[in-house]
Amino acid sequence: MAERAAPPIVWVRALVVALVIIVAGVATWEVAMRREGLSTRDLGDGNSAWARERRRVDAAPGTPVIIGSSRLLFDVDTVLWGQLTGTPPIQLSRAGTNPRPMLTDLANDPKVTGLVVVGYDPLVFWRAAGSATKLVAEARKEPLYKRIDLAVYDRLARVFAFLDGSMIPTSWLEHLDVPQRTARGGFNQPWKLSEAGERRDTQMWPRVENDPDYRQRAAAIWMLPPPPGTKPTSPAEKTGFIAAAVRDVNAIRARGGEVVFVRSPSDPPLLTLENKLHPRALTWDRLLVATGAPGIYWADDPVLAQFHTVELSHLRRADRAPFTRRLVELIAQLRASRAKLPHDRSVGVPAPVRR
Amino acid sequence: MVFNSLTFVIFFLVVVGCHYAPLPWRMKKFNLLIFSYLFYAAWNPPFILLLWASTIVDWWMAKLIFREQRPARRKRLLVVSLALNLGMLSYFKYGAFALKNWAALMGTIGVVYTPPAWDIVLPIGISFYTFVTLSYTLDVYLKRAKPGNSFLDFALFVTYFPHLVAGPIVRPIDLIPQFARPRVATRALFLWGLALITLGLFQKVVVADAILSPVANDVFGAANPLPPLDAWAGVVAFSGQIFADFAGYSTCAIGVSLCLGFSLPMNFRYPYAAIGFSDFWRRWHISLSTWLRDYLYIPLGGNRHGHWQTYRNLMITMLLGGLWHGANWTFVVWGGLHGAYLSTERFLRARYGWEGEPSGLASRLLLALGTFGLICITWVFFRAPDFSAAGHLLRDMVGLSLAAPPIIATVPLALAATAMAAMLTLHWRMRDVDLEDLVARQPAWLTGAVIGVMATAVILAQGEGGAFIYFQF
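Residue numbers (the numbering used here), protein chains in the order written: chain A, 1125 to 1479; chain B, 137 to 609.
Incorrect hints may have been included.
[Claimed, not checked] Think about it this way: if two alpha-carbon atoms lie no more than 27 Å apart in a straight line, the pair counts; the simulated DSS-like pairs of lysine-lysine are:
no.	chain 1	residue 1	chain 2	residue 2
1	B	K236	A	K1258
2	A	K1258	A	K1235
3	B	K236	A	K1265
4	A	K1316	A	K1362
5	A	K1258	A	K1316
6	B	K279	B	K199
Keep in mind that the hints were calculated from the coordinates and are not lab data.
Isolated chain A (complex conformation) (with noise of 0.2 Å):
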C-alpha cells in the first residue's frame, strides 16, 4: 500500500477560507433561528435526554414518574410540582410517543416503588407501540459515548440557539410553499411545538402561542389524514393493550407503587374525533375499570374542565402552574382515599376510584 501524501496546495490559507466560512455559516444560521423563534432556553429533547431520566427513576427509587406523550410533557410544571410535593417527578412523557411500552418497562424494574402518572391520550394510548418500544430498549443499553454526547450538547445548547433536532436545514425546507405530491409530509406539520429545560420541564414553544398563522398550522396535524396503511386498533388488540395494562398496574402496586391514569384537556374537533374513535365508556371507563386504578378526567373536574388548549391538544405556557397545582391536589386527593379503601396486597388490585 502506498504512503498518502497531501496534495501539494497552500493548506494554511484553505484552513483559513475554511475557518471564515464556518464562522459565518453558523453565526448567519444562529442569527436567523433566533428569528424563527429558538432560544438557549431549550435544551432540546433527544432519545439520550429521556434515557438520563430513565436512568434517575433507577437512581432515586420511589420518585414520581410521569410517562405518556406531549400532554401531560407539555402541561405538567415539573419544577413547580417539585415546590408543592417536596419531590420533582421525573418526567418521560415523550411527543407522539405511547405510554404502555413505558408503563410495561417500569412495571418490569423493581426499582419503580413508587407514584406512575400515566399520561393518557386515546389517539396515542390505544395505537402500536410504535418508537415507544425502541425508545425504552435503547435507553436500557445506551452506550456510554452517547452520555457523554449529552453532557456536551447540554452545554453547547446553552450558547447556540441552532442547536436543535428539530430545526435543521433539509427540515427547515421541507416547509417551502412548493406543489405537493402527498397529502402529508413536514410541509404541512409544525416543524417545532415545544422546548424543553432542565430535566426535559417541557413547556409550549411560545411563537405557537404567539404567531397565529404557526398556530393554526401546528392545530391543522391532528386532523390530517392518518399515515398510509395506518391500521384501527381492533377491539382484540384493545382488550389485549388493558391486559398488558393490569398486569403493569398489578406489578407495580405489588411493590407498593401506585399508577394514577390522567385524560388532559383537548377541544373540538380534535376531542370530536378522539371521542369517536375512542369512546370513553369503551376505553377510559374500561380501562379503569379493569386496572383498578384511580383515573383523572379532566372534564370531570370543575377546575380542570375550565382549561382550554392553544391548539386543539396542548395547554398555553401560563396554564401550566394552575393545572398543576389542581393535578397535584387531585392525585393527593385520589392516593389519601385509596389509603383508607380495602386492599388486597396479594393480588394488589384496589377497588376502582373514580370521580
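Take the given structure of chain A and dock chain B to it, following the hints.
Chain B alone, transformed into the frame defined by chain A:
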C-alpha cells in the same frame, strides 16, 4: 463511539495532544492502544474481553504456525485459530439465526422445536476485527508473511481505533510496518487529514442521514403498495445512503489516521461509476472484496480450473460475503445476486470475447447506468427486513401498483434526487481520478471554500449522532 459524535471531538483532541507530546515512540504506541480500547469501550466495555481473546489467540497461533514445519500440524493450528475466531463470530452473530433455521428445519419433518431465547448483544465491529486478525494468521500460514516481533505493534494493529469497528479491513503488511518507526503528520498532511474527516462527516451526516435516509426509511418501512416513482426513489436513495454512510466512515478513518501520521488503504473508488460487476467490486468495499478474493476465492481455486469451477467459486465467495453482512437469508440472496451477476458477466465476456470497457461514451454510460440499476435491485434484499417486504417493493418498482398514493413529499424527493444526481455525476467524473490529484489542481481558496461549506453543513445538520450502518455487520 462514532466519528459523528461530540464525544469523538474531545477524544480526538486528547489523542492528538498525546500523540504530538514529547514522549518516546513506544509510549505513544501504548497510548494509542489504550485510546483504542477506550474508543471500543465507549460502546460496551465487557466486549473488550473478546478483542483481547482474538488478539492473544492469533498472536500465539501465528507464532506456532510459523515455527511448525509439519503440514498436518500447521493445518491443525490454523483450524484452532479459525475455530476460535469464527466460533466467536458465529456464536454472537449467527447463533439466533442458526437456532431459528434449525427450528424451521425440524418443523418440516414434523418435529416441534422451540429454540431458547437468544438475547445476546452483537459486539460492535466483530466481523471486521475477526477478519483483521484472521488475515494475520492466514498470511503466516500461507507463508506470505512472518509473524511480527512486537506484541504491542500487533495489538495496536488489531485494535487501532480508526479501522476497529467498520474497517477498512487492514492487512498486517499495510499497518504493522508503520508502527516500527516514529510517525507524525506534517502540517499539510494533518490539514489534509482534517479535510478528509470533514468530507467523511459530510457524507454521513448530511448526505446519508439528513437527505437520503428519510426517503429510504419511508419506502422500506411502507406498509402499503407504492407507486413506481416512490419505490424507485426509496431504493435509489438507499443505494446512495449506504454508500455515503460507509464511504463516509472509511474517509473519516483515513483522515483520522493521516492526522496521526498513518496511512490506511482506500476502501471505495467511486463505485457507482462501475462498468460491469467486476469493476464494481474493484471499487466497492475494496478491503472486503480483496480479503474475500485472497483468503476465500483464490484458495477455493479461483479461476484456475475452468469456467464452471470459476462460477462455483464466485458464487460461494459472494454467498459467504453476503452472509458476512448479516444473519439473514436476505443478505445471502444479496450476495447470491452479486455472484450471479459476476458469473454472467464472466460468461458473456468469454462467449463474445469482450475485453476491457467499450470505448464509446454512450455505451460506457449506458453500461454504467445498467450496472447501477442492477445493483439497486440487490440493495432491495440488503435493506428489506424479509423476503415478503422485498417482494412487495420489487413488485412496486415494476409498476404493479400504479394507482397507489405517493408517500414521499415533494421537497424530500427533490433533495434526494438532487443528491443522487450529484453523487452519480461525481462518481462518473471521478472514476479514473484520484481525489488528491483533483485537489492539487485547484487553488487553495477553492479547496478551503468547499471544506468550509461542507463543515458548516455538518454543524447545521447536527442530529442524534446515528450509528453507521456498517457497525451492525
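* **Given hint K1258(A) paired with K236(B) - CA-CA distance at most 27 Å** => holds, 23 Å
* Asked: Hey, K1316(A) versus K1362(A), does the alpha-carbon distance stay inside 27 Å?
  -> Since the Cα atoms of K1316(A) and K1362(A) sit roughly 31 Å apart, the hinted pair is violated (cutoff 27 Å).
* Regarding the pair K279(B) and K199(B), is the alpha-carbon distance no greater than 27 Å? -> holds, 12 Å
* Asked: Does K1265(A) lie within 27 Å of K236(B) when you go C-alpha to C-alpha?
  -> holds, 24 Å
* Asked: Do the alpha carbons of K1258(A) and K1235(A) lie within 27 Å of each other, as the hint requires?
  -> holds, 21 Å
* For the pair we were handed, K1258(A) and K1316(A), check the Cα-Cα distance against 27 Å. => holds, 22 Å
Violated hints amount to a single one, hint 4; each of the other numbered hints is respected by the structure.
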